[in-house]
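Chain by chain, the residues run as shown.
There are 2 protein chains.
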Amino acid sequence: MGEKMGNLRRTHMCGDLRKININEEVVLMGWVQKKRNLGSLIFADLRDIKGIAQVVFDDTISEELFKKAEKIKSEYVIAVKGKVRERESINKNIPTGEIEILASELKILNESETPPIYIKDNDDVSENMRLKYRYLDLRKPSMQRNLKARHKTGKIIREFLDENNFVEVETPMLTKPTPEGARDYLVPSRVNEGKFYALPQSPQLMKQLLMVSGMDRYYQIVKCFRDEDLRANRQPEFTQVDIEMSFVDIEDIIEINEKLLYKIFKEMKGIELELPIARMTYNEAMERFGSDKPDLRFGFELKDITNIVANSDFKVFSGTIKNNGEVRGINIKGYESSFSRKDISKLENYVKTFGAKGLAWIKITDEGITSPIAKFLGENELENIISRMDGEKGDLLLFVADKPKVVFDSLGNLRVEIAKRLDIIEKDDLKLVWITEFPLFEYDEDEERYVAKHHPFTHPMEEDIELLETNPEKVRAKAYDIVINGDEMGGGSIRISDSKLQERMFKALGFSMEEAREKFGFLLEAFKYGTPPHGGIAYGFDRLVMLLTDTDNIRDVIAFPKTQSATCLLTGAPANIDSEQLKEVHMKLDLEK
Amino acid sequence: MGEKMGNLRRTHMCGDLRKININEEVVLMGWVQKKRNLGSLIFADLRDIKGIAQVVFDDTISEELFKKAEKIKSEYVIAVKGKVRERESINKNIPTGEIEILASELKILNESETPPIYIKDNDDVSENMRLKYRYLDLRKPSMQRNLKARHKTGKIIREFLDENNFVEVETPMLTKPTPEGARDYLVPSRVNEGKFYALPQSPQLMKQLLMVSGMDRYYQIVKCFRDEDLRANRQPEFTQVDIEMSFVDIEDIIEINEKLLYKIFKEMKGIELELPIARMTYNEAMERFGSDKPDLRFGFELKDITNIVANSDFKVFSGTIKNNGEVRGINIKGYESSFSRKDISKLENYVKTFGAKGLAWIKITDEGITSPIAKFLGENELENIISRMDGEKGDLLLFVADKPKVVFDSLGNLRVEIAKRLDIIEKDDLKLVWITEFPLFEYDEDEERYVAKHHPFTHPMEEDIELLETNPEKVRAKAYDIVINGDEMGGGSIRISDSKLQERMFKALGFSMEEAREKFGFLLEAFKYGTPPHGGIAYGFDRLVMLLTDTDNIRDVIAFPKTQSATCLLTGAPANIDSEQLKEVHMKLDLEK
Chain A
1 MGEKMGNLRR THMCGDLRKI NINEEVVLMG WVQKKRNLGS LIFADLRDIK GIAQVVFDDT
61 ISEELFKKAE KIKSEYVIAV KGKVRERESI NKNIPTGEIE ILASELKILN ESETPPIYIK
121 DNDDVSENMR LKYRYLDLRK PSMQRNLKAR HKTGKIIREF LDENNFVEVE TPMLTKPTPE
181 GARDYLVPSR VNEGKFYALP QSPQLMKQLL MVSGMDRYYQ IVKCFRDEDL RANRQPEFTQ
241 VDIEMSFVDI EDIIEINEKL LYKIFKEMKG IELELPIARM TYNEAMERFG SDKPDLRFGF
301 ELKDITNIVA NSDFKVFSGT IKNNGEVRGI NIKGYESSFS RKDISKLENY VKTFGAKGLA
361 WIKITDEGIT SPIAKFLGEN ELENIISRMD GEKGDLLLFV ADKPKVVFDS LGNLRVEIAK
421 RLDIIEKDDL KLVWITEFPL FEYDEDEERY VAKHHPFTHP MEEDIELLET NPEKVRAKAY
481 DIVINGDEMG GGSIRISDSK LQERMFKALG FSMEEAREKF GFLLEAFKYG TPPHGGIAYG
541 FDRLVMLLTD TDNIRDVIAF PKTQSATCLL TGAPANIDSE QLKEVHMKLD LEK
Chain B
1 MGEKMGNLRR THMCGDLRKI NINEEVVLMG WVQKKRNLGS LIFADLRDIK GIAQVVFDDT
61 ISEELFKKAE KIKSEYVIAV KGKVRERESI NKNIPTGEIE ILASELKILN ESETPPIYIK
121 DNDDVSENMR LKYRYLDLRK PSMQRNLKAR HKTGKIIREF LDENNFVEVE TPMLTKPTPE
181 GARDYLVPSR VNEGKFYALP QSPQLMKQLL MVSGMDRYYQ IVKCFRDEDL RANRQPEFTQ
241 VDIEMSFVDI EDIIEINEKL LYKIFKEMKG IELELPIARM TYNEAMERFG SDKPDLRFGF
301 ELKDITNIVA NSDFKVFSGT IKNNGEVRGI NIKGYESSFS RKDISKLENY VKTFGAKGLA
361 WIKITDEGIT SPIAKFLGEN ELENIISRMD GEKGDLLLFV ADKPKVVFDS LGNLRVEIAK
421 RLDIIEKDDL KLVWITEFPL FEYDEDEERY VAKHHPFTHP MEEDIELLET NPEKVRAKAY
481 DIVINGDEMG GGSIRISDSK LQERMFKALG FSMEEAREKF GFLLEAFKYG TPPHGGIAYG
541 FDRLVMLLTD TDNIRDVIAF PKTQSATCLL TGAPANIDSE QLKEVHMKLD LEK
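Sequence order for the protein chains is A and B.
Position 93 (the first sequence) corresponds to 93 in full-length UniProt numbering; numbering is contiguous.
Position 417 (the second sequence) corresponds to 417 in full-length UniProt numbering; numbering is contiguous.
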């Protein structure tokens with residue numbers, strides 16, 4: 001059992017001490033980062049959340065104190081009283097390196113067994129160990145920096161929104177299960193036998209109701225939940241910066257969000273964004289980058305060669321086109337010599353994960369064209385292709401022929417993958433773009449109906465409303481995503497505020513009015529009583545903090561994250577419970593044998 | 001379908017306009033509070049979140065515009081462009097009462113059916129109607145004021161804690177089910193068949209682990225969940241201001257929280273609290289007020305007459321005392337004449353709800369003693385009782401004889417109930433008190449063991465640690481509650497930071513070490529690696545906002561609250577789900593027939 005602090009009270013934080021504190025008597029408390037015993041001198045690096053300070057025990061102190069100092073080990077928790085003095089040998093690597101504390105009093109507040117992981121950054125330990133001993137992992141400077149940056153980002157966002165008359169309103173966590181969208185996490189009700197709450201996938205309906213209620217400008221930094229199979233950098237619970245405004249159209253929302261982004265990047269990174277942020281329509285993003293979250297930090301843009309090869313003797317191309325497919329390519333400009341046949345065959349395997357059947361290629365080398373498909377192409381055809389692709393000596397041209405979705409997915413991902421392999425992205429480059437004019441619907445082949453691309457409350461573009469019933473696939477939405485360096489950081493839309501238009505929307509989605517009322521009746525009812533035009537946006541807060549901390553693992557910006565199988569290695573959640581507890585909520589297990 | 005805003009953009013908020021805006025051309029958007037049509041003049045009160053402004057349509061405008069103005073009705077959403085001018089007849093009741101807007105353009109953005117509830121405060125409508133049409137209820141000025149006050153309170157708290165080096169860290173919502181405390185809300189896992197998450201009752205363990213991880217000062221404004229039968233002013237999900245600090249003892253935590261409370265009351269109410277806040281031990285609070293959350297705004301303190309009546313001929317008293325009971329009373333000073341026999345019999349029924357078998361009384365009237373029990377008491381005895389009770393002419397003395405718990409509960413609640421009935425509490429009176437030295441344990445008669453009064457991580461007072469094994473009921477805790485006007489606003493404790501002491505604590509609670517490890521193993525493990533002394537506090541945020549908004553219904557400070565049967569009348573949550581959805585999480589219903 002450790003000693004008590006007694007009448008010692010901390011006067012300073014370790015990391016804050018500077019030359020100006022010399023000769024002050026201070027009390028520090030923290031963890032022993034390391035100890036060196038030189039016989040007549042003991043040095044201890046003491047660590048707290050602000051940093052590290054060197055403490056010295058020498059022969060001017062009592063034998064009892066010196067003996068106590070001999071006992072301390074790494075990660076012991078101690079309190080030290082002493083005088084700040086100038087250091088003989090300055091350590092330029094740490095901000096407190098010009099001073100040290102000559103101890104006059106020491107209390108060992110708690111001991112520590114040898115920790116199972118080292119308390120230092122970039123230690124080569126498995127992530128599972130880091131998660132199991134998260135409380136030790138969080139002692140690392142990088143992790144503390146991440147959590148502090150997360151806090152600061154939230155603070156900056158709140159400050160901005162507070163100043164701009166947004167009101168933070170808490171919406172319920174125990175909500176009604178939603179029929180559309182991702183899978184809900186369910187919470188059985190004890191009082192209401194056989195019924196279930198769902199944890200919110202987003203506060204979408206509630207924030208719209210707040211607009212109906214005249215709250216005018218709402219925000220919330222709030223946990224959301226999706227019970228989906230976890231890909232990398234997805235968590236079952238994630239945090240959203242949720243914003244909604246009344247009496248606005250797209251321009252108003254974009255304008256205020258650009259100011260918000262400006263402030264975030266200014267205060268977190270010292271970067272002054274150039275406003276207005278670039279915009280690109282969904283169609284342009286797909287045509288040029290094969291993705292609605294294009295990474296604009298490098299080229300390799302897609303080009304359509306469909307019309308050139310529609311009647312080609314190369315049947316892989318022309319046959320695909322006859323089956324409503326298309327052929328597009330990217331030009332890996334100047335990197336012809338960086339890719340061997342073997343490399344290209346790896347790229348082919350990569351695009352196959354997106355459903356492509358193959359990857360055709362043309363190299364323009366010093367010796368001329370090298371390509372396995374050249375022999376199937378007419379000379380004119382080959383020339384036209386190279387011209388369309390802006391092909392020059394030193395270029396590698398890559399082509400996929402397939403259904404449009406497969407072509408876009410394959411080439412859109414391939415260009416990013418190649419940029420990563422070539423390591424051509426400048427670390428500090430920052431490219432923001434608004435993607436606009438999303439399609440309102442996408443066709444779900446499993447359900448054989450149109451589903452909402454964003455959600456069923458998204459407002460169609462005014463000029464496309466008349467197409468709702470006749471040409472739904474042509475209807476564009478008043479929706480926008482903010483994409484940064486190829487990641488979707490946030491997205492939103494103007495919402496439907498008219499119950500008749502909302503009914504048409506539900507009909508287009510294939511809901512009978514009965515279904516629509518069953519599912520969203522309260523929203524349709526609310527819309528009858530004076531709904532303002534409104535719209536909003538939601539940012540993925542975890543992703544934003546990842547970007548701001550230059551972190552590529554979502555778990556490094558979350559204090560207690562879950563694994564990809566949605567478990568907590570620290571606490572052991574989820575866990576078994578007593579059958580009695582289950583019975584109270586009127587449930588029993590239904591396990592597969 | 002409403003008109004579009006077109007190129008109109010809101011320039012001002014209705015409630016912000018003043019004489020200084022006269023002659024400005026403004027665009028306002030909002031809801032029609034009411035319309036008066038005087039034939040050649042139409043007045044419309046336009047409402048937004050900032051307030052109300054009067055709009056005038058007169059014969060200077062086009063006939064078309066005037067006709068459109070004739071169409072608007074209550075709760076229509078409109079946009080108005082016009083010039084601000086001085087009003088002829090000033091309305092002193094509203095801040096914009098000196099001006100009005102002469103409309104030159106009008107757009108009806110949305111129509112409204114006649115709302116099912118009036119948009120005005122103190123309307124005599126059932127709370128169920130208010131909850132069903134919450135989006136209309138939230139249009140009321142009082143509700144908007146409450147939500148804005150809630151936001152502002154959170155903002156003040158965050159500002160204070162940010163300035164004081166606290167870091168807001170988000171802890172998980174999907175946690176491990178807890179074996180102690182209230183009933184968990186459970187979330188079945190889909191991926192981990194047969195296992196469950198629990199929604200957190202508080203982030204207690206997580207915030208302690210953050211202290212182990214060196215985060216030093218943590219806070220979070222966070223949703224917590226308890227699946228308990230709902231009493232008035234309880235919600236299944238509630239919001240907690242959760243705080244934890246390292247390297248502190250009780251005084252440090254109390255000191256910083258007093259500064260926080262000072263700032264909150266100063267900025268929300270303009271009240272400067274006198275610091276330090278009064279303190280009272282648990283024992284004193286029970287003895288004097290029969291409650292550990294005493295309302296100090298009035299007297300009626302408890303007095304113990306047990307030793308006076310221990311051998312009384314009045315067997316109701318002496319018999320109770322022989323059965324380890326006691327007799328205490330309160331003096332309703334000066335209010336003898338306010339209580340008829342019938343009134344007293346109502347008070348007797350009231351105390352019976354707390355288990356009392358009866359309520360003995362003595363009135364000291366102008367004509368002498370009136371009391372049904374006087375005849376059983378010796379003259380000397382009666383005199384001694386009256387003297388102990390400070391009885392004077394005009395006083396009503398009330399007594400309960402029972403087990404201590406029943407006596408305290410009955411009289412503690414009775415004094416509050418009487419103060420309310422007499423309406424003697426001054427509206428603006430504010431009495432804060434820290435309650436300290438709580439017992440560490442209380443005996444659970446059902447479970448036949450001691451349970452933790454706060455939670456199993458509460459540190460015993462140093463001088464009582466030796467009693468842990470021998471006299472657990474005598475052990476006092478390093479725990480403290482902040483009580484304001486008889487409501488517990490927050491509470492906390494210094495935590496055990498020593499794994500050996502924690503083990504002794506678990507043993508005292510009757511856990512085998514095996515059970516303790518199964519339940520809290522990760523915490524015991526964490527404590528091995530250098531745990532700082534730490535402690536914290538949690539405030540009930542909903543209750544705090546109730547106090548600050550002078551609201552006595554918790555649902556009036558929550559945007560979308562649940563009923564006492566934990567349902568949402570607006571959305572219909574909780575709801576039925578498809579059996580398919582249930583099967584995915586490996587569950588089936590187990591309904592009682």
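Derived from the structure by calculation, the hints contain no laboratory data.
Please note that a few of the clues may not be correct.
All copies of an identical chain are treated as equivalent in the list; a pair is satisfied when it fits inside any one copy or across any two copies.
Unchecked claim - With a straight-line cut-off of 30 Å between C-alpha atoms, the simulated DSS-like cross-links for lysine-lysine are: (1) Lys-81 - Lys-303; (2) Lys-403 - Lys-35; (3) Lys-19 - Lys-583; (4) Lys-405 - Lys-500; (5) Lys-500 - Lys-120; (6) Lys-152 - Lys-223; (7) Lys-346 - Lys-427; (8) Lys-588 - Lys-342; (9) Lys-120 - Lys-148; (10) Lys-293 - Lys-223; (11) Lys-427 - Lys-50; (12) Lys-588 - Lys-519; (13) Lys-263 - Lys-588; (14) Lys-263 - Lys-148; (15) Lys-155 - Lys-223; (16) Lys-4 - Lys-528; (17) Lys-34 - Lys-500; (18) Lys-92 - Lys-4; (19) Lys-67 - Lys-34; (20) Lys-148 - Lys-322; (21) Lys-152 - Lys-263.
(Q) Under the constraints set out in the numbered hints, which ones does this structure not fulfil? (A) Hint check: 1, 2, 3, 4, 8, 13, 18, 20 fail, others pass.
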